[in-house]
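Here the protein sequences come in this chain order: A, B and C. Just so we're aligned, residue -12 is where the first sequence starts under our numbering, counting upward by one. Just so we're aligned, residue 293 is where the second sequence starts under our numbering, counting upward by one. Just so we're aligned, residue 347 is where the third sequence starts under our numbering, counting upward by one.
Note that these hints are calculated values from the structure, not bench results. Any given hint could be a false lead.
[Said to hold, decoys possible] Computed spacing ranges between beta-carbons, pair by pair:
{"hint": "1", "chain 1": "B", "residue 1": "LEU484", "chain 2": "A", "residue 2": "ILE30", "range": "52 to 62 angstroms"}
{"hint": "2", "chain 1": "A", "residue 1": "ILE234", "chain 2": "B", "residue 2": "SER346", "range": "41 to 51 angstroms"}
{"hint": "3", "chain 1": "C", "residue 1": "LYS637", "chain 2": "B", "residue 2": "ARG299", "range": "16 to 26 angstroms"}
{"hint": "4", "chain 1": "B", "residue 1": "SER295", "chain 2": "A", "residue 2": "GLY99", "range": "19 to 29 angstroms"}
{"hint": "5", "chain 1": "A", "residue 1": "ARG100", "chain 2": "C", "residue 2": "ALA918", "range": "38 to 48 angstroms"}
[Said to hold, decoys possible] DSS-like, lysine-lysine: derived pairs with alpha carbons at most 25 angstroms apart:
{"hint": "6", "chain 1": "B", "residue 1": "LYS542", "chain 2": "C", "residue 2": "LYS696"}
{"hint": "7", "chain 1": "C", "residue 1": "LYS724", "chain 2": "A", "residue 2": "LYS159"}
{"hint": "8", "chain 1": "A", "residue 1": "LYS159", "chain 2": "C", "residue 2": "LYS696"}
{"hint": "9", "chain 1": "A", "residue 1": "LYS159", "chain 2": "C", "residue 2": "LYS731"}
[What the hints assert, rightly or not] Away from chain B, derived, C-beta distances all over 10 angstroms, residues of chain A:
{"hint": "10", "residue": "LEU19"}
{"hint": "11", "residue": "LEU21"}
{"hint": "12", "residue": "SER43"}
{"hint": "13", "residue": "SER47"}
{"hint": "14", "residue": "PHE86"}
{"hint": "15", "residue": "PHE101"}
{"hint": "16", "residue": "SER103"}
{"hint": "17", "residue": "THR153"}
{"hint": "18", "residue": "THR162"}
{"hint": "19", "residue": "PRO184"}
{"hint": "20", "residue": "PHE210"}
{"hint": "21", "residue": "PRO244"}
{"hint": "22", "residue": "SER249"}
{"hint": "23", "residue": "LEU262"}
{"hint": "24", "residue": "ARG265"}
Even glycine gets a Cβ: it sits at the ideal position worked out from N, Cα and C.
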Amino acid sequence: MAKKSVKESAVFKKALWYHDRLLLAGVIIVSLALFLSVFGFMIAPYDPGTPVGPISQAPSSQHWFGTDSSGLDVFSRVITAPRIDVVLSVSAALLSGLFGTLIGLGTGFYEGRFSSLVMRISDVLQAFPIFILAMVLVALTGRNLVNLIFALTFLYTPIFVRLTRTEVLTQKTRTYVEAARATGNSEWRIALKHVLPNSLTPSLIQLSVTVGFGILLTAGLSFIGAGVRPPTPEWGLMIATSAPRLILGEWWSSLFPGIAVSLTVFGFAALGNALERRVGSA
Amino acid sequence: MASYVLRRIFIGFLQAAGITLVVFFVIRSLPADPVARLVGFNSTPDVYNQAKASLGLDRTIWVQLGDFVGTDGSGVITGDLGKSWVTGSSVTSGVATTLPITLQLVLLSFVVAIAIAVPIGVATAKRPGGKLDKSVFGYGLFAGAQPEFWWALMFIFFFYFQLGIAPAPLGMLDPLMVAPDKITGFILIDSLLTGRVDAFFNALWHLWLPIMTLAFILSGPIIKMTRQSMARVLSSEFILYSRASGLSRKQIARSTLRASLPPILTLTGILFGFMLGGAVLIEQVFSLNGLGSYSIRAVLNLDYPAIQGTVLIITIISLIVYLILDLVLVFIDPRVKAQ
Amino acid sequence: MTEPILEAKNLTVIYSTLDGPVVAVEDINLELFPGEIVGLIGESGSGKSSLALALLGLARYPGRLEGEVHFGDKELVRMAEDDARLLRGKEISLITQKPRQSLNPYLNVGTQISRVYRAHTDASQSEAMKHAVVLLENVGINDAERRIDAYPHELSGGMAQRALISMALSSEPKLLIADEPTSGLDVTIQAQFLDRMWRAARDRGMTVLLVTQDLGVIANYCDRTIIMEDGKITSVKETKDFFANPDNAYGERILKLARAHRTTLEAPTMQDNDIIQVKDLRKTFKVEDDKVLQAVDSISFNIKKGRSLGLVGESGSGKTTVGRMILRLLEPDSGSVELDGENISELSLKEFNQLRSKIQVVFQDPFDSLNPRWPIFKSIEEPLKLHSSMSSGERRERVLEVMNAVGLDSNSVAQKPGGLSAGEQQRVCLARALVTRPEFVVLDEPTSALPPAARAELILLLKDLQTKLGLSFIFISHDLSTVRELCHDVAVMYLSQVVEVGTTEEIFADPKHPYTKALLDSVLFHDPNSRRVDKARLTDLEGEIPSPVDLPKGCYLAGRCPFVESRCTAEAQVLTITNGKQSVRCWKASENHPFGNS
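Whole structure, please, built from the sequences with the hints as guidance.
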């Protein structure tokens, strides 16, 4: 039937180059971010935490991205910041993905009173203003890395619960589940071996998107002074401390960390989108 | 239909009640010491206990909850959100003066974003694979998640500092201008009501850059969703069949629009809820004294009543938006009722 | 030679996507003549549907047309949309294969029908609404006055299709484009529609382009046959000529497969003990408004070792529910199932799970039946893991052995189901069912989701396995000709009841129940010289299958039966043995009353 011909034809699959380019961009940016979060400190030309020269110097061959108002080297700070931004967002995304998927599997596979209670709670959590809640959680628990991770995990778990549950509810009605039952699988085995692996796709795509949002949230929190403390190299903090200098013409100390956030977030979004496309057309 | 509406409103109330409780307990369950923050960490135990008593924190948590909810006649149920621990002023009035500023900013940003995004989305859906489609696709993906506070700074640098076609980011009006009398709290409306045309245009002048910044971020996902939704409907069997059965172009266009609307509306609602809290950063950059700025002060000072108040108000507004959205969707799509 | 009513010249359909253009139909030239019925066949994705639409001057979004389509003196491709729409739905009508999705989900049925009517007439709103009611009544929809307020999601697929069909035919079009119009319909309903279409073509000179995958439909109704492959027409022939001498690789292949299994079923070595005994199974489901849907009503049968039973019926007859209850995927309200003398209905599910290696199943939709993330080896191996103490080497050996037996290439063990064809997927399902050497297999419409060629191949394979392994099975199907190939015995179900049961020879040679007769008559043989439309028939059923929620008091078929008498509606019918083994649920048949034209 030609109803599927557009999607199924070989030409269509060959023509994915446009999205392959996006995928490539995503992969390169994400790999670079991950690379810097591990090796950033090693390859940074200066110590990102100690003043290295005259303050507020425009970019030069010595200081590629210039120096900020405290005389810190902007380039070194930009490439060491992923240690905070990326590690924090990736851990929070992984943790919320793990919890959310398991809760989603449980509530989707065994429908009942308990399951709908969990869903109502996650409904309410999703109606909360995420940014303000994050501020509250961090301000009240103390501004350190672990608390930030926990706050983000708490906020992002409901998304994964919902995505997984919706998928589990669809997968549950498919014949292969019935076939597994007819083969003699126990319900536990069906849930873990058959339904779970087939319900992961939406969460995997969301994982990439969540990392992006995590970076935005981290930077935003630092920007208003509710995130990590100075002089930790962190993009949002760097933008916040250099913002007042912008009007004096010192653009470099806020431009470069901003580009870093912008590109990194875009990279994770592009990766997520490319994954979605891939899975969608497979 | 009526029973669906009633049930939906009832659920909304339950959610609001649930939120009140969650807010109250979550804040108190976190390991922070607001008293110490208020009186200083080096104060004597006497001073500390006195402060604790004056804030009412020496009472049991249930008494505090009753006080917050309003079992004594004044509380959340009567619209009284308590008194700020830091300034001593009423949280309700604090919210009432700052909320309109935020709402005004967010609503106008949405109007601009939708006015830009929907036509572009429709145009790209009509010509898939065209030049416009390809460039807009990249933009939709890009603008969907961006550090808006940084873009705001860059825009200020460019439009104010370099080009001089925007005002300094220092509030709603020029520093020397007298604000119009408060009636609704929305400065654009108040200035018109009091005949202050100068203030009206001055406020617009100050608002255009923050609005453009938010619209720049918001239009990305809306374009993406419009294109996706339109394309889905255009490729649907029923639009094809409508064409094959000879319906007029006008009828088909109307059917297409109606069927494309629900996902776009849903997304807009979700973004709206997100932006109410998310406008914090933009307010901060442009020194707009909105609810966001109010909440930042509350959080950084551990001012529990003010925190509770802002979180509660924002959440309830989001819930109301979702509620309206759900009711609109029932009118658009007869299948919703069946679920 | 007469002038063609429609002529396509260099017709091309191109879909433009974000990833570049895709050509679905390439440079096609085609003529359709007044009054002829032309069949269009081809594999999935060959561009049949795109071509069918292009003949209306339409392309599915995001597609566009190139070339010309002349309809009379008009050219449709370049014609202004506002002019072309006046032809569509009036002079040229379309019937699609997805009736429910073709209706606007946001509008009620009455509004939709009246809008189309008003698009082509000067009728007022109220006149158009009356027209809608009449149309719905014409297709046998009860309570049409009320049903026009229904939304598409409240209609059954069959009902929606009948509404669309009657809309398409009511404007008395000169040309009807029918894109697999009967793919979702039951056989007796399919026969009703195709007969009506054939009549309109012969009486009014309506031209039909009929897209189908079914050689039976081609042989019975089409004057000419067109084959499409990869967006191009590769053969155009008179239908009789096509069947006699296809002259085309694809055509030869499908004809060969369709004919390959016309051999008689070997009689099994008679064994006396029953492998399966079903006693008085009943099942009801609660539906909305506290109503009860009667899915299965007191079904009993037994199957002897080495024999196979065909359980035949249309959608909603309850045949699949019976299969699911035997497998205990569904618990019956009452009744019992015995497997090899053991009452398995009494076992706890945990105990029964131990026995599952003895009783296996193959479902209808092969792709949906396989875990899409598992390589096929893992899927076939799983029952052995659960039910045997074999080592992994022994398991591997057994899996390869059974893969070989069902004709799967052992090199494909690592493949995921998505990479296989539907036919191969179903072989994997069959291998999984056979790997534990079960004593009994439930085959739940295993052939009906397959394209015709794969279906024919699977039937040959099942026949082969039956003789080699002496397999006992129940074969659930709506397709009588397949049952005839594979089964020793047949039970015909209609609306939760068995209406006739007997050996395959008895049922096919001398069907006694009117429903069985109608079912047999609606079989479309792959032979243009023995067409359904050329035979005189008395047995055609009218109208629609009643809802299993509101069952009639007397005989369930009474509303549709051409031989109905007052006694039929008054008393419930019982299954009665007639002669030897054949049993019938019809007083006329069991009391030997003549069935005639009353």
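* Against the structure shown, which of the earlier numbered hints fail to hold, in ascending order? -> The structure breaks hints 6, 20, 21, 22; every other hint is satisfied.
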